[in-house]
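Engineer: Here is how the chains run, residue by residue.
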Amino acid sequence: MKNWMLGLAFVCAIPACVTINIYFPAAAAEKAADKIIDDVWQLKNGTQKPDANKEAPAGASSAQ
Amino acid sequence: MKKILLSLMLLSTLLISQFVAAAADLEVNTPAISAIKNSMQARHGQLAAFYASGAIGLTKDGLIAVKDANAVPLAQRGALTGLVKDENADRSKLYKEIAVANGHPEWQPEIQSTFAGRWIDKAQSGWWVQGAGGWTQK
Chain A
5 MKNWMLGLAF VCAIPACVTI NIYFPAAAAE KAADKIIDDV WQLKNGTQKP
55 DANKEAPAGA SSAQ
Chain B
1201 MKKILLSLML LSTLLISQFV AAAADLEVNT PAISAIKNSM QARHGQLAAF
1251 YASGAIGLTK DGLIAVKDAN AVPLAQRGAL TGLVKDENAD RSKLYKEIAV
1301 ANGHPEWQPE IQSTFAGRWI DKAQSGWWVQ GAGGWTQK
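In the order they appear, the protein sequences are chains A and B. Taken in order, the first sequence gives residues 5 to 68; the numbers are from the numbering used here. Taken in order, the second sequence gives residues 1201 to 1338; the numbers are from the numbering used here.
Hints were generated in silico from the structure; no laboratory data involved. Be aware that a few hints might be false.
[Said to hold, decoys possible] Which residues of chain A face chain B? A few of them, derived with a C-beta cut under 7 angstroms, are:
#1 Met9
#2 Gly11
#3 Phe28
#4 Ala32
#5 Ala33
#6 Glu34
#7 Ala36
#8 Ala37
#9 Asp38
#10 Ile41
#11 Asp43
#12 Val44
[As the list claims (entries may be wrong)] Restraint ranges, calculated between C-beta atoms of paired labels, are given here:
#13 Ala30(A) with Trp1335(B): 43 to 53 angstroms
#14 Asp1261(B) with Leu47(A): 20 to 30 angstroms
#15 Leu12(A) with Lys1260(B): 41 to 51 angstroms
#16 Leu12(A) with Thr1336(B): 24 to 34 angstroms
#17 Glu34(A) with Pro1231(B): 41 to 51 angstroms
#18 Gly1333(B) with Glu34(A): 44 to 54 angstroms
All C-beta atoms, glycine included, are put in the ideal place defined by N, C-alpha and C.
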């Protein structure tokens, strides 16, 4: 019984390993590309944060 | 029978999680890749205006090219050519380094074509990009 299960485990595991190593991970590559492009073109910098910070002192000064 | 089913489920969960872990991320945080990224980021400050004026555009093979040299004053054309050459060298190196960092140098063409699509998708409106039928403005 245990041998049978062990055999099944190997039969399932070996092709899975081969699959992972041979095929190009397209989705992961897109994710990596997006991350690098955002960095290089600075598409996701904190422009909104300084704006929010600016608004608060501006509001405070206008109230005074 | 229940034991078999349970162990099968466990096994498949294990295999799936293994696959997901392997597929979730490519290694892009090596010193070599970071250095290329920094160099490209610094150069982008100079390139941005040329993208906007249509002097250069994004090619379908993940590089950049001079599209309209006349959009640039004669005095700047030499510098522009140099910038494009340096940028393309960095981009080729980047694609190669990502493939190598993940233990698959043979992935370089696929990484390059993945980037080609993403650069074009993320390009700002007004920039020129190369499609199957030639240059188009976003």
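Engineer: State for each hint whether it applies.
Structural biologist: Outcome of the hint check:
no., hint, in the structure
1, Met9, "holds (6 angstroms)"
2, Gly11, "violated (12 angstroms)"
3, Phe28, "holds (5 angstroms)"
4, Ala32, "holds (5 angstroms)"
5, Ala33, "holds (4 angstroms)"
6, Glu34, "holds (6 angstroms)"
7, Ala36, "holds (4 angstroms)"
8, Ala37, "holds (4 angstroms)"
9, Asp38, "holds (6 angstroms)"
10, Ile41, "holds (5 angstroms)"
11, Asp43, "holds (6 angstroms)"
12, Val44, "holds (5 angstroms)"
13, Ala30(A) with Trp1335(B): 43 to 53 angstroms, "violated (26 angstroms)"
14, Asp1261(B) with Leu47(A): 20 to 30 angstroms, "holds (22 angstroms)"
15, Leu12(A) with Lys1260(B): 41 to 51 angstroms, "holds (46 angstroms)"
16, Leu12(A) with Thr1336(B): 24 to 34 angstroms, "violated (54 angstroms)"
17, Glu34(A) with Pro1231(B): 41 to 51 angstroms, "violated (23 angstroms)"
18, Gly1333(B) with Glu34(A): 44 to 54 angstroms, "violated (24 angstroms)"
Hints 2, 13, 16, 17, 18, counting from the list given before, are not met by this structure.
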